[in-house]
Amino acid sequence: MGTGELQSPLLERFLRYVQIWTTSDSASADSGVQPSTDRQFDLAHLLESELKSLGLENVQVTEKCYVYALLPATAGCKEEPFCLLAHIDTVEEVSGQHVNPQIHKNYDGSKITLAFGHILNPENDSALALAAKNHETIITSDGNTLLGADDKAGVAEIMTALEYLVQKKIPHGQIEVCFSPDEETGHGMDNVPLNLIKSKYAYTVDGGHIGELETECFNAFKSEIEFTGVSTHTGTARGKLVNAITMASNFVTNLPRQQAPETTMGYEGFYAPMNIEGSIERAKVTLFLRDFEEAGMENRKSLVESLALSTAESFGGKAKVTHTQQYLNMKKGFEKRPDVIEKLVASYKAAGVEPVFTPIRGGTDGSRLTEMGIPTPNIFTGGHNYHSRTEWASLEQMTKAAEVLIYLCRNK
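Note that the sequence shown covers residues 1 to 412 in this note's numbering.
The set of hints was computed from the structure by calculation and includes no laboratory data.
We treat Cβ as the ideally placed atom computed from N, Cα and C, and that holds for glycine.
Fair warning: there could be bad hints in the mix.
[Said to hold, decoys possible] Listed below are the simulated BS3-like cross-link pairs for lysine-lysine, each with C-alpha atoms no more than 25 Å apart in a straight line: (1) LYS52 / LYS64; (2) LYS78 / LYS168; (3) LYS301 / LYS320; (4) LYS320 / LYS222; (5) LYS349 / LYS168; (6) LYS198 / LYS343; (7) LYS222 / LYS301.
[Stated by the list, open to error] Simulated restraints on C-beta separations: (8) LYS105 / SER49: 27 to 33 Å; (9) SER388 / SER249: 25 to 31 Å; (10) GLY239 / HIS118: 46 to 52 Å; (11) GLY117 / GLY352: 37 to 43 Å.
Just need the whole structure built from these sequences, with the hints factored in.
Written out as structure tokens, the structure is:
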């Protein structure tokens, strides 16, 4: 296949998708609302229209904002069906409204200065340095927002691969497609339409640098620690007042400093304070726990409990700890289906991409799907610096991801 045949439609789609505001909201998602923001329907209905125009069948947007479609197998193809997935929402920590994408063709390695003084510098970004060496086309936001490559790059790559298969009449097996809401809130698979999806395995397109092939991820829990104090007038507080704010602050301060997101890498787990709020009488800390091993996760939960209780006791207050499972390491899910990974490796190599097995320091919708019995590894997208104003994507790497999908889909 010609790279040029894919690049132009892929770029056009990606630029269009990232300009649609689809930021999700974790508070709404945690309360059971899905989609957590109605604006996610805007992209969902656009994709519904485009999938119908490509001739896919049973195209629909569910009540919960999942986009589903089916590309029937071509005549005589006996390949086992599978599903392709990507998510349509973007993270809430950085604005995703009014995205203004910037295209840097034949990137030469010079510093890219964005709004508010944000700088992309290949001197401290090895992936960007490699892109400069290859004179790739780099796409960024203008710095006022994130870009949205996570995961609109994946959405655009799936759509471009489907269009290529249909227009070129390439023989292929049955392919299901599902675009999900609220992945960034951890609720992306809460209402996945399993009544529609019949595939026994799937692939998410939600990775990063070219070549990454992810088959394992963190075990993930959310810990909520509620401290209860005693309120009284501050002028007569001696011996009476118990400050829940002070307890919460002390608890966070005493978490292991060298086991934080900003001090760990690779297979190292962490404790991540995500939110702290409250008053003298009651304060709450929300903490993310991450570990690749189940035993390690149990140790982390135990440390949180003991630290919370000892903190409360030392101040004369009370503490309550609640742990909630978010997702589990998907590694075990592939033990009975190694062929799912083998097929993907073969597709990488057919596209001229050397697979690099890296652990996901996070989770994907594939993590949850694998828990549900549908083994789902993760494919790179060519996006980088996710969840930040310095997010960027390489058009050449995105094109390679689309090529991998085409080889994955085509009849062998």
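Quick rundown of the hints versus the structure:
1. LYS52 / LYS64: 19 Å, holds
2. LYS78 / LYS168: The hint holds at about 19 Å.
3. LYS301 / LYS320: Given that 25 Å is the threshold and the Cα spacing comes to 13 Å, the pair holds.
4. LYS320 / LYS222: Roughly 14 Å separates the two Cα atoms, so the pair holds.
5. LYS349 / LYS168: 21 Å, holds
6. LYS198 / LYS343: 19 Å, holds
7. LYS222 / LYS301: Between LYS222 and LYS301 the Cα gap is close to 10 Å, so the pair holds against 25 Å.
8. LYS105 / SER49: 27 to 33 Å: Given about 30 Å between the Cβ atoms, the range holds.
9. SER388 / SER249: 25 to 31 Å: 27 Å, holds
10. GLY239 / HIS118: 46 to 52 Å: 50 Å, holds
11. GLY117 / GLY352: 37 to 43 Å: 38 Å, holds
Checked against the numbered hints listed earlier, the structure breaks none of them; every hint is satisfied.
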